Structure formats: structure tokens, C-alpha cells
Amino acid sequence: MLLNVKELTKVYGQFCADCLLLTGVEQNTTICPRCKSVIAINRVNFSLKGNEVLGIVGESGSGKSTLLQLIYQDIKANSGQIIYNGLSTTQDTGFDLLDCTTTERSFLRNIEMSMIYQSPTLGLNYLFSAGGNVAEKIIGSGERRYKVIRERVIRLLKRLELPDSRVDDYPDAFSGGQQQRIQIAKALSSSPKLLLLDEPTTGLDLSVQAKLLDLIRELQQEMSFAMIVVSHDLGVINHLTDVTMVMKHGSLVEYGLTDQILEDPQHPYTQLLVSSIL
Amino acid sequence: MKLTVNHLAKQFTLHNRDGITVTGFSDVSFTVADGELLALTGPSGTGKSSILKAIYRTYLSSSGTIHLHRKDGSIVDLTTCCENSILELRKKEIGFVTQFLKILPRITALQSVASPLIERGEYEKNARETASQLLDSLNIREELFHLSPLTFSGGEQQRINIARGVIAPRDLLLLDEPTASLDEDSSNRVLDLLLELKEKGIAMIGIFHDKRKTERVADKVYTINREI
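First to last, the protein sequences are chains V and E. For the first sequence, position 149 (counting from the first letter as 1) is numbered 149 according to our numbering, and the numbering increases by one without interruption. For the second sequence, position 48 (counting from the first letter as 1) is numbered 48 according to our numbering, and the numbering increases by one without interruption.
Watch out, some of these pointers could steer you wrong.
Said to hold, decoys possible - Mimicking EDC-like on lysine to aspartate or glutamate, the simulated pairs with C-alpha atoms at most 16 Å apart in a straight line are:
(1) E:Lys-92 <-> E:Asp-136
(2) E:Lys-91 <-> V:Asp-242
(3) E:Lys-198 <-> E:Glu-215
(4) E:Lys-211 <-> E:Glu-177
(5) V:Lys-76 <-> V:Glu-104
(6) E:Lys-102 <-> V:Glu-263
(7) V:Lys-76 <-> V:Asp-96
(8) E:Lys-102 <-> V:Asp-259
(9) V:Lys-49 <-> V:Asp-242
(10) V:Lys-49 <-> E:Glu-83
(11) E:Lys-92 <-> E:Glu-119
(12) E:Lys-213 <-> E:Glu-184
(13) E:Lys-200 <-> E:Glu-93
(14) V:Lys-49 <-> E:Asp-183
(15) V:Lys-158 <-> V:Asp-169
(16) E:Lys-91 <-> V:Asp-259
(17) E:Lys-213 <-> E:Asp-183
(18) E:Lys-198 <-> E:Asp-219
These aren't lab readings, by the way, just hints derived from the structure by calculation. For clarity, every value in this text was computed on a predicted model and none was experimentally measured.
Put together the whole structure using the sequences plus the hints.
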């Protein structure tokens, strides 16, 4: 397993002793009635194999994005474990992201995993050129030679069908779909083992969305990294993922093969979700 | 033996319809050996496709077992084994030819037929060669090879679907009405193809409606009757 998530919990607020028991799917709330804390993630367990593609679906506020941010260390979890086994030296014991040092954390974020945010404004630095943004991540992963970096940037941008003549343009001079592709180029530039995608195509028009998804799928097969895809769009989930987990009120309600989740959903919430496809 | 299905049953619980249950099928038992074709027959709505889906784990079975005898001698229960093993098996050992074409509109017919071979590690050129021979033997005109199957007729789509399913055949092949929308000549070619696969030792479970076609290819027939 590349990633083992155990009893992961994120609480905004006081976090009293009853928080976890009084919230969740059965209780039908994320707000603790006693201390009014918001339980964003309630004891979530799952594991991910190298080159597996996992989808996460669920209603707004169910904790999907929070889960990705916890894994990517954008925010810190309150309790639980995120064991990362991608580093060959620590293969036996794994590597708990929750109690690693800042240096180790930035190493993981720069080299081992990458995140693609819903909005390119979160993933890109608009004061750097398109090429500069991609280069930033390559430099972070340890490469220092200008020529090598430049070549890799141009190769990646070309792979994502961006003209290499525009490598020095700033991100705001690109269209939304192109900015998203710059973000993908940036994310893939360090050859990560785990790619996290948070609503990668929401807000893009259908033709751009299709192209982008085809590209992500192609690159995944080519480079065989693992992915976690968060999306509202069950079509995107169906197209990209092998297994899917369904979340509600910060808890995991169902986990299964993507075609099984879509064709034979078991949990009442999943049945409602699937029956809502237009 | 390749596959042993024992007392398999499937019930759908509809939580958003006051929790009523609908029976998909119940008490299904059969076996299929290597190189054998089992035909599932019976009236519409008796759960034939559901059985195939339960074997492929698109449906979770309610009770019973499905034992797959793997090449290495081990036996795995498809109703209970973990998702990762199912994904692994789908890549190498279990194939599913669906009733309707599920294909990306942006990929050409030839490419989509060749891709299972390429995924298996075949050179792209050879894979395309094999794919075009296969399409040719299924009566698909060459001018269609480089177009998207989305614009094809129903029968053409079905043959693309079959070609995709059999080009790199898995040891166990599930066929959901492989000849349903084909004319006499084309469906004979498909049946020939299935007979060829049988000789290669592929175990198959297929849904057939036509009695004559069934008799031509099937070694065994499992008939499901509507329960009264």
C-alpha cells in the first residue's frame, strides 16, 4: 500500500470528548451538539495502492476537499494517522505524515506528491511566468541546472499541448483551461507517486474538460502514479477512477469498485446520489 | 473447472423507496470448465445480465459463492475478495463484453480495438495489424477503421465491442447478448469467433435468446424461469 489513512479526524473548534460520537452519518450532523465544534473529518480509514485511482464523491461540506488537504499537509489533522510508504528507505515501517518534521514534510510535498486545485489561482503563483511556475517545483525537487530545468519545463508544457513559445508568459495571460494545464504540468514536473486532484475540471467547458480528463488519464497510464480524485461529477469519477468512496457528514459511508458504486449502490445516501444523475 | 457458482442470489434494497426489496435472481448454481461455453437463457427480466454483473462484481451478491479457479491453482471467491484483487483479475483473467458499447467518442474504432493488446505489452504496430484483421473478419468496412464508433450503426458498434472483448482474451469471458442486433451473416461470424476461442481454452458464459445460435455454440444451457 502506498498510503494508509487510519482514524483520521479533523475538528474545527474545541474538540470535546463527545464530538466524534455525536456527529457523523447516523447522527446526521457535523456539528457537535455539546461544544458546537465542526467535525470536518470523522475517523476516516482507507488505503491506496501505488498506481491505483481512487475517487471521492459526496455532497458539499462532506469533507472531501478537507481530506485531500490533510493528506497534502495544507492543514493539520487533530488525530489519526496518514502513513506514507512511498519512500523506499522506510518501506517496512512507513512514514507518518502527522508527526514528521518540517523538512520531511516539504520533501513529501515537493517530490512525492502533488496537488491540483480546483482553481488555478490556488496552485499557481501569478507573479511567476508559466514556465517559472513549473520550474519552481522542479527546483524544489532538487534540480539546480538552468538548462536541464528549462528543457524539462518546455517538454512538459508541450506534452500538455501548450505552445512552447508562450513559456515566458504570465498565467493570467492564459485561458482558464490553459491555466489548469499549467497547474497539471507543474504538479507532474517532479514525477510524483501520488497526485491529488480537487475538482480538476469544474467550471471548464465540456470540450476542454474532456480533453483535460483524457490527458490526465493518459499521463496516469504513462507515468503510473496513484491518484485521488475529488469530484461532484459522477461522469468524471466514472471516466477516471477504479475505486470510489462516498462521504457524508465527514464520514465514509461506502467504498467499492466505481462501477459497483454507480450501478449497485448500497447505502441510502449513495442511492440518492446516483439516482440524481441527469 | 474454471468457475463454480453456488446458490447465488441477489436482492436490491431500495432505501429511497421505503426500503422495498426487489429480487434480481435467486438460487443460481452452475459450473463452467476451460474451453466450455455456458449459455444463459430465459425470458427478459429474470436476472441473466445481473448474474453476469454479479460475477464481474459490478453487483454485490446477497448470498452464495462464486469460486474462480485461477491459473496458478488458487481459488478466489469473487463475491467477497477485496476490490484490488478484482481490479487485478479484470485486467488479466475476467473479460466482459457488454450489451451496449461503452466507448469514448474521441477514439477511433481501430485504436479502441487495439488498445487491450497494447495494454498487454504488444507493439503498437502489431496490435493495430491484429485489430484490423479481426475487424475485417467481423465484416467491418475498412473506411470505418479511423472513425469514432459513436457514429456507427448498432450492429457495427456491437461488433466493435466484441472485437475489443476478444482481441486479448481473458481466461473467462462474460458475453451479454453478443449477437442481439446482428444480421445472419455477421452473427455467424461472431459465433465462429466464439468457437475459435473455445478451442483456445477460454471459458465463456453468454446470454443468448436464439435457440439455433445457442445450439451451435453452447456446451451447456442454464435456463432461468420466471418465478411465480
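A quick look at each hint next to the structure:
1. The suggested pairing of E:Lys-92 with E:Asp-136 is violated, with an alpha-carbon distance near 25 Å, which exceeds 16 Å.
2. At roughly 12 Å between alpha-carbon atoms, E:Lys-91 and V:Asp-242 fall within 16 Å of each other, so this suggested pair holds.
3. For the proposed pair E:Lys-198 and E:Glu-215, the alpha carbon gap of about 14 Å is at most 16 Å, so the pair holds.
4. This hinted pair checks out: E:Lys-211 and E:Glu-177 have alpha carbons roughly 13 Å apart, not beyond 16 Å.
5. In summary, the hint linking V:Lys-76 to V:Glu-104 is supported, as the alpha carbons are separated by about 15 Å, within the 16 Å threshold.
6. The hinted pair formed by E:Lys-102 and V:Glu-263 meets the criterion: a straight-line CA distance of about 14 Å does not exceed 16 Å.
7. Of the pairs offered as hints, the one joining V:Lys-76 and V:Asp-96 holds, with about 13 Å between alpha carbons and a cut-off of 16 Å not exceeded.
8. Distance restraint check for E:Lys-102 and V:Asp-259: the Cα-Cα separation of roughly 12 Å lies within the 16 Å cut-off, and the hinted pair is therefore satisfied.
9. Straight-line distance between C-alpha atoms of V:Lys-49 and V:Asp-242 comes to about 11 Å, which keeps the hinted pair within the 16 Å bound.
10. The hinted pair formed by V:Lys-49 and E:Glu-83 meets the criterion: a straight-line CA distance of about 11 Å does not exceed 16 Å.
11. Annotation: proposed proximity of E:Lys-92 to E:Glu-119 holds, straight-line Cα distance about 10 Å (limit 16 Å).
12. For the hint pairing E:Lys-213 with E:Glu-184, the CA-to-CA distance comes to about 10 Å; that is within 16 Å, so the pair holds.
13. For a cut-off of 16 Å, the pair hint linking E:Lys-200 to E:Glu-93 stands: about 14 Å separates their Cα positions.
14. The straight-line distance between the Cα atoms of V:Lys-49 and E:Asp-183 is roughly 45 Å, outside the 16 Å bound, and the hint therefore fails.
15. For the hint pairing V:Lys-158 with V:Asp-169, the CA-to-CA distance comes to about 14 Å; that is within 16 Å, so the pair holds.
16. Among the hinted pairs, E:Lys-91 with V:Asp-259 is consistent with the structure: their alpha-carbon atoms are about 15 Å apart, no more than 16 Å.
17. A threshold of 16 Å between alpha carbons decides the hint, and for E:Lys-213 with E:Asp-183 the separation of about 12 Å falls inside it, so the pair holds.
18. Pair hint E:Lys-198 plus E:Asp-219 holds up; C-alpha atoms about 10 Å apart against a cutoff of 16 Å.
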